[in-house]
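Protein chains in written order, with this note's numbering: chain A, 1 to 328; chain B, 329 to 613; chain C, 614 to 1036.
Treat the hints as calculated values from the structure; they're not laboratory data.
Please note: incorrect hints may appear among the correct ones.
[Unchecked claim] In silico lysine to aspartate or glutamate, EDC-like type, Cα no more than 20 Å apart, as pairs:
#	chain 1	residue 1	chain 2	residue 2
1	B	Lys410	B	Asp477
2	B	Lys542	B	Asp585
3	B	Lys419	A	Glu116
4	C	Lys734	C	Asp659
5	B	Lys399	A	Glu192
6	B	Lys410	B	Asp346
7	B	Lys375	B	Asp477
8	C	Lys734	A	Glu116
9	B	Lys419	A	Asp193
10	C	Lys1009	A	Glu116
11	B	Lys419	B	Asp513
12	B	Lys466	B	Asp477
13	C	Lys1009	C	Asp658
14	C	Lys710	C	Asp672
15	C	Lys1009	C	Asp966
16	C	Lys912	C	Glu932
17	C	Lys1009	C	Glu685
18	C	Lys734	C	Asp693
19	B	Lys399	A	Asp193
20	C	Lys734	C	Glu699
21	C	Lys695	A	Asp193
[Said to hold, decoys possible] Residues of chain A clear of chain B, computed beta-carbon distances all greater than 10 Å:
#	residue
22	Gly78
23	Ser179
24	Trp181
25	Ala197
26	Met270
27	Leu272
28	Leu280
29	Ile291
Every residue gets a Cβ at the ideal spot worked out from N, C-alpha and C, and that includes glycine.
The lines below spell out each chain.
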Amino acid sequence: MDLIGILSLAGNELISPMTVGYILCGIGLAVHFGYTGLLNFGQAAFAALGGYGFAIATLDFGWNIWGSILFGLLCSMGFAAILGIPTLRLRADYLAIVTIAAAQALRFYVGSSTAEPITGGSAGVSQFGEEFYGLNPLPEDFTWNLGTVAFTSDEIWMRIVAWVVVGIAVVFILALTRSPWGRVLKGIREDEDAVRALGKNVFSYKLQALVIGGSIASLGGMVFVMSSQTNQPSNWGTNFTFITWTILLLGGAATMLGPIVGGMVFFGMMTLIESVLGVLVDAGLMPFLAIEQVAQIRFLLVGLILMILVIFRPQGFFGNKKEIQFNG
Amino acid sequence: MANEIAIGAAAPGCKKVDPILVADHVIRQFGGLTAVNVEHVEIPRGKITALIGPNGAGKTTFFNLLTGFDKPNSGTWIFDGKNLAGVPSFKVARRGMIRTFQLTKALSLLTVIDNMRLGAQRQLGEGFWASFARPLWKAQETQITTKADELLKRFKLDAKREDYAGSLSGGQRKLLEMARALMGDPKLVMLDEPMAGVNPALTQSLLEHIKDLKSNGTTVLFVEHDMHMVRHISDWVIVMAEGKIVAEGPPAQVMSDQAVIDAYLGAHADTDLGTVEIKAIKAGK
Amino acid sequence: MGRFGQLISVLAILFSLVFAAAPSAHAAEDPSTFAYTIAGTLQQDDVPIPGVKITASQDGKSYGTESDEFGEWTIMVPTDGKWSVELDTATIPAEFKLASADGAVGEADLVQTDFAAVLFKFGNADVVETQSVWEQLVIRTFAGFNFGLMLAIAAIGITLIYGTTGLNNFAHGEMVTLGAMIMWLCFSFFSMNVIISGLIAVAAVTAFGWFQDAAIWKPLRKRRLGLNQMMIVSIGFGITARYVLLLLFQGDTKDMSGGQTIIQLGPIFTSDVTLISMLISILALGGVALFLTRTRIGKATRAVSDNAPLAASTGIDVEKIIRIVWLLAAALTGLAGVLYGLQFQASWSVGFDLLLLLFAAVTLGGLGTSLGAAVGALIIGLVVEISTIWMPSELKYVTGLVILIVILIVRPQGVLGKKQRIG
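Next comes chain A alone, as it looks inside the complex (with noise of 0.2 Å):
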């Protein structure tokens, strides 16, 4: 593979709809993490409901695509009221471990045959966007070239709407967060019972926090399955939620800009390690690893990120004033 083809691989995977879906996710763990301290590690719950929510609406209700996205948002509301409502009093690590439990128990049941006539199982469901690419309004020839890599006209449309879709909800939460309201919210970060002390419902606040943050994901859930038109429980697994925290974490958590730059730059950089390893594996440099294997030098970093920015920087690259702390 040449510059040219990498280079454009990697320009491809800063813009990709699957970039997107998890920037969404990022904002909305920085909802939940950077401004409310909550350690939600449950968010692929939240993305996957989003994406069986649309998807199961739209083929098996037969509902239109905004009916679809409402009840994709529904559902990641309910399960962040059902989350919520128990476990927001508990400290703070038993709410990490009650929604990764969560999100895997969600994932290993749509995943199973049991669930399988509503969420098709293992298998998934598929085709569900037929809809969202009949309202794309670009001439069908309409085409465009980054380097090695084409787009088609509906390619071009998914990503344009994926982006403004990030558009509105940075909006809306900067909205959100610079009122008095995001104010309480910075308050329960740093300390809840000063919060309290001062008359606030702190608890009111997180659960609206958990919702707020949730909502946003589910909507990356359905940018994030759309692209493809399947959505299947392996794209929901813990690896997911890991991936969330370690663009909110590169980014800075209690930025907007933090997840959206940390994206951008984590899926680029893994493009690009990805490619040169692949080369050098090509060309016989790396003789302890198969190519097949280059995928999960992937993960291995993303661990080493996540270690590496939690002990030396935990305000992210770009996270200038330090805005984030964890309450230990």
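Using the hints, position chains B and C against chain A.
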């Protein structure tokens, strides 16, 4: 003095002329240990009341119970005519009983002015939907900010307005926490060891601030170890030992009370109560 | 040690592991180097179907296998994408029947994943059960007890570390995996004696435990890093370790079940390996109990768990106790991995799969109490296995996770825990 505040002679659990807070049979047990066992106590309105006692006497636990941060095994208390038992902590604050903490809880990564703004009650912009409608809360926000700036000036924190609260010194944090509590226009301020960790240069100004509160009509209840402070500013002193109220009365009278000295000295063997404080009690004789 | 010192030590772990990987390189066509796994279990009414030929094919390439005595089958394939999986109907034993005529072909979807399960349906839904509920209960209780004992030794490891350091160690499962993998390496790959293999595996995991405490956790404790931050570091460390293990040992499941003797106890079919494993687990648990209650160091460990500052003020060297706890926890967890690997098939992600069940066990018993963790593990093991009588066995982990969630919500201090441990 006793006659102005209490009805009849000053004695543990005595009735007050105008109580703002009346607590009955408040009991809190941890495992087999009874941390608080208060039969009856009344806090006089518009006065500065000190709650003293040796370490482990249950003062902070009693504070936590009254403010809804901990739940008693039994007991009732009435604040300003309304029952407060079982009311969650944030509602206690909304009813006008605002507390501070022994270990200061300045919200480190909020600016000083945001800390102050957070203290204001009934903010329109704190509602989820309202937060999007800036015009709805803009005027109130300006009003809150003006009030916050006045308080910051009074507490000599105006130069630190835009700094993160985490960058303040221990004493400044205590001041900020007190000023922030005042943003909520409390009827009763409960200060948990306001002098702990404050450098001597700031002590005098803290004392003045507490006296100011009284002259503005706010009732103050504070937990303190520093006998100097207790003697100089409090109108009334309540002494706790082993979870019970063992004495109360005007400061001079309480500090010469044999029961108080016994409470401190008796507890001395197994606590780290400083000898300074014991000397202070003896000096008060 | 400064920032860079720590960074270097973190990197050192990795490099040492990555370079250790060098000898395990294989030729490109060796299926054990393939990164993608298709697997499934053939059974009709919970009876495994052995000896059925299964083939996965894509673009003219095909790879085949045969279902084993448990009806389980695994095919490693070199590329992702969609694979067509087909049963050779001629090899299905006469007493079993596919649910539908076209049910012999399935699809494995390896898009954005390295594992896919393919289900073939046998029999028909309204066939009468062959075993009575009572018999099933006996069988499942035995299996649950066995699984619970194995969980218990690993759970005590988690709880000892949590008790003394406050760390919710999300990298704990990888010690189980490491134990199972070293066991496989010694026992199956190098055909060493089973006891020597087990000892080597436990020793290796113990060394790993000591090493990670010295290189990561101790420096972080010195920095006074918050416990929640430490927890996230452990998540990162867990991911890294997991994928290093994948690179080293590849993605296939390691079968070490050869050479065992099947033993029948009433309705229960078990093996000598299982019975000996259970005995070892019980002895290990008893040993830990004696250590904690009878020895000076064990008592000191409990004192540190109860109140570290108080313990320090009475002259206990807290750091030394923590080091011993890490060694002990790692040894126990490695042993759990060895026993798991011998009885069940272990793959690179087995520890992480078990991790949440371990947390469930520890939480059920009350975080930080060893007895509680052991009891919690037995309960989880029993519930998970017994639930399969009424629920599809593919949902048995879900049962465990739901228990974890409910316990945290209803009684966060656990069944045996003390209330003041929370909040």
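Checklist entry - Does Ile291 of chain A really sit off the interface, with its C-beta more than 10 Å from all C-beta atoms of chain B? => result holds (46 Å)
Next on the checklist: Just to be careful, I want the Cα atoms of Lys734 of chain C and Glu699 of chain C compared with a cutoff of 20 Å; is the pair within it?
Outcome noted: holds (13 Å)
Next on the checklist: Check whether the Cα positions of Lys410 of chain B and Asp477 of chain B lie no farther apart than 20 Å.
Outcome noted: violated (33 Å)
Item to check | Lys419 of chain B paired with Asp193 of chain A [C-alpha distance capped at 20 Å] | outcome: Judged against 20 Å, a Cα distance of about 13 Å means the pair holds.
Item to check | Consistency of the no-contact label for Leu280 of chain A, given chain B and a CB cut of 10 Å | outcome: Non-interface label on Leu280 of chain A holds, nearest chain B Cβ at 43 Å vs cutoff 10 Å.
Checklist entry - Is Lys1009 of chain C within 20 Å of Glu685 of chain C, Cα to Cα? => result holds (17 Å)
Next on the checklist: Would the non-interface assignment of Met270 of chain A survive a Cβ cutoff of 10 Å against chain B?
Outcome noted: Per Cβ check, Met270 of chain A is outside 10 Å of chain B; nearest 31 Å; holds.
Checklist entry - Quick one, are Lys734 of chain C and Asp659 of chain C close enough, alpha carbons at most 20 Å? => result holds (11 Å)
Checklist entry - Does the structure keep Lys734 of chain C and Glu116 of chain A at a Cα separation of 20 Å or less? => result holds (13 Å)
Next on the checklist: Given the hinted pair Lys542 of chain B and Asp585 of chain B, is their Cα-Cα distance within 20 Å?
Outcome noted: violated (26 Å)
Next on the checklist: For a C-alpha distance cap of 20 Å, please report whether Lys1009 of chain C and Asp966 of chain C respect it.
Outcome noted: holds (12 Å)
Checklist entry - Holds or violated: Lys419 of chain B with Asp513 of chain B, Cα cutoff 20 Å? => result holds (14 Å)
In summary, the structure is inconsistent with hints 1, 2, 3, 7, 14, 18, 21, 23, 24 and 25 from the numbered list given earlier, while agreeing with the others.
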